[in-house]
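Participant: Here is how the chains run, residue by residue.
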Amino acid sequence: AQSVAQPEDQVNVAEGNPLTVKCTYSVSGNPYLFWYVQYPNRGLQFLLKYITGDNLVKGSYGFEAEFNKSQTSFHLKKPSALVSDSALYFCAVRDISSNTGKLIFGQGTTLQVKP
Amino acid sequence: DTGVSQNPRHKITKRGQNVTFRCDPISEHNRLYWYRQTLGQGPEFLTYFQNEAQLEKSRLLSDRFSAERPKGSFSTLEIQRTEQGDSAMYLCASSFAPGNEQYFGPGTRLTVT
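If you read the protein sequences in the order shown, they are chains A and B.
So that you can map any letter, position 31 of the first sequence is 100 in my numbering, and since no number is skipped, the others follow by simple counting.
So that you can map any letter, position 74 of the second sequence is 80 in my numbering, and since no number is skipped, the others follow by simple counting.
Any given hint could turn out to be false.
Each pair of labels, with its calculated beta carbon distance range [unchecked claim]:
no., chain 1, residue 1, chain 2, residue 2, range
1, B, Thr119, A, Ser95, 18 to 24 Å
2, B, Arg15, A, Gly85, 42 to 48 Å
3, A, Asn99, B, Phe102, 19 to 25 Å
4, B, Gln90, A, Gln114, 38 to 44 Å
5, B, Thr82, A, Pro87, 42 to 48 Å
6, B, Glu58, A, Ser166, 22 to 28 Å
7, B, Ser33, A, Gln79, 23 to 29 Å
8, A, Asn124, B, Pro76, 42 to 48 Å
9, B, Glu89, A, Thr121, 42 to 48 Å
10, B, Glu84, A, Ala70, 27 to 33 Å
11, B, Gly105, A, Ala70, 18 to 24 Å
12, B, Pro76, A, Gly85, 49 to 55 Å
Which bits of chain A does chain B cover? Going by a derived footprint, with three or more residues having C-beta under 8 Å, they are [claimed, not checked]:
no., stretch
13, 126 to 133
14, 137 to 148
Hint data in this document are derived by calculation from the structure and do not stem from the laboratory.
For every residue, glycine included, the Cβ atom is placed at its ideal position computed from N, Cα and C.
All chains should be modelled from the sequences, with the hints used to inform the complete structure.
Facilitator: Printed below as a string of structure tokens:
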């Protein structure tokens, strides 16, 4: 079965420090991977995706993610965290069992950036 | 604003009542998805439309749930005889192609009392 795991419920980091939010996946075949961010009482905002090509993907708001096939990981990173980055982050993989493009999400990681 | 919109943003209803939510996707997107998100969880897929055709429904979607997308534009999600377990955020998303990113609306938060 396909799945996504976000092993940390919460990540705490000081403003200006680098941040990493972890994601691992289980998919047969080549994965389509996504990161979304959710602010309180809001929908999800797309940050970045990996489909093919360069393993380092750059996205919105200075975020990037590194695809690692051997470790089946797709960790989200940012060199210098901002207080405004505090939010709920979701990793997702496209469900390849159908042609719909539906996404399977992890349970989310709360990022807390402290001044 | 050309993003995905959803109405209402909040709905409080009593158990046993029917509710209907509306989603207006990005106009050029022919693919529309409904997801449900409960507290502390990631969104879970409910159903998918390509144009006006409903092509997939999750097992999460009991027979009390029905969705439509007339003319391939806006979509509605109706829940009949609501139960307390239906309390959740209902999210709509649209995309242009299956490998493309999905754009989400702000969601409708349903509370069943």
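Participant: Now, for every hint given, state plainly whether the structure supports it.
Facilitator: Outcome of the hint check:
For B/Thr119 paired with A/Ser95, a C-beta distance near 39 Å fails the hint of 18 to 24 Å. Between B/Arg15 and A/Gly85 the beta carbons are some 35 Å apart, a value that contradicts the proposed interval 42 to 48 Å. Hint check: A/Asn99 to B/Phe102, Cβ distance near 20 Å, so the stated range 19 to 25 Å holds. Judged by the Cβ atoms, the range 38 to 44 Å given for B/Gln90 and A/Gln114 is violated: they are separated by roughly 30 Å.
Hint check: B/Thr82 to A/Pro87, Cβ distance near 44 Å, so the stated range 42 to 48 Å holds. Judged by the Cβ atoms, the range 22 to 28 Å given for B/Glu58 and A/Ser166 holds: they are separated by roughly 24 Å. Checked against the hint of 23 to 29 Å, the C-beta distance between B/Ser33 and A/Gln79 comes to roughly 38 Å, which is inconsistent with it. The beta-carbon spacing between A/Asn124 and B/Pro76, approximately 43 Å, falls within the hinted interval of 42 to 48 Å.
Checked against the hint of 42 to 48 Å, the C-beta distance between B/Glu89 and A/Thr121 comes to roughly 43 Å, which is consistent with it. Restraint check, B/Glu84 to A/Ala70: a C-beta distance of roughly 30 Å satisfies the suggested window 27 to 33 Å. In this structure the supplied range 18 to 24 Å holds for B/Gly105 paired with A/Ala70, their Cβ-Cβ distance being about 21 Å. At roughly 51 Å, the beta carbons of B/Pro76 and A/Gly85 sit within the given window of 49 to 55 Å.
For the stretch 126 to 133 of chain A, the stated coverage by chain B is violated: 0 residues have a C-beta nearer than 8 Å to a C-beta of that chain, whereas at least 3 were required. Residue count for the stretch 137 to 148 of chain A with a Cβ under 8 Å from a Cβ of chain B: 0. That is fewer than the three needed, and the coverage hint is violated.
Consistency note: the structure conflicts with the earlier hints numbered 1, 2, 4, 7, 13 and 14.
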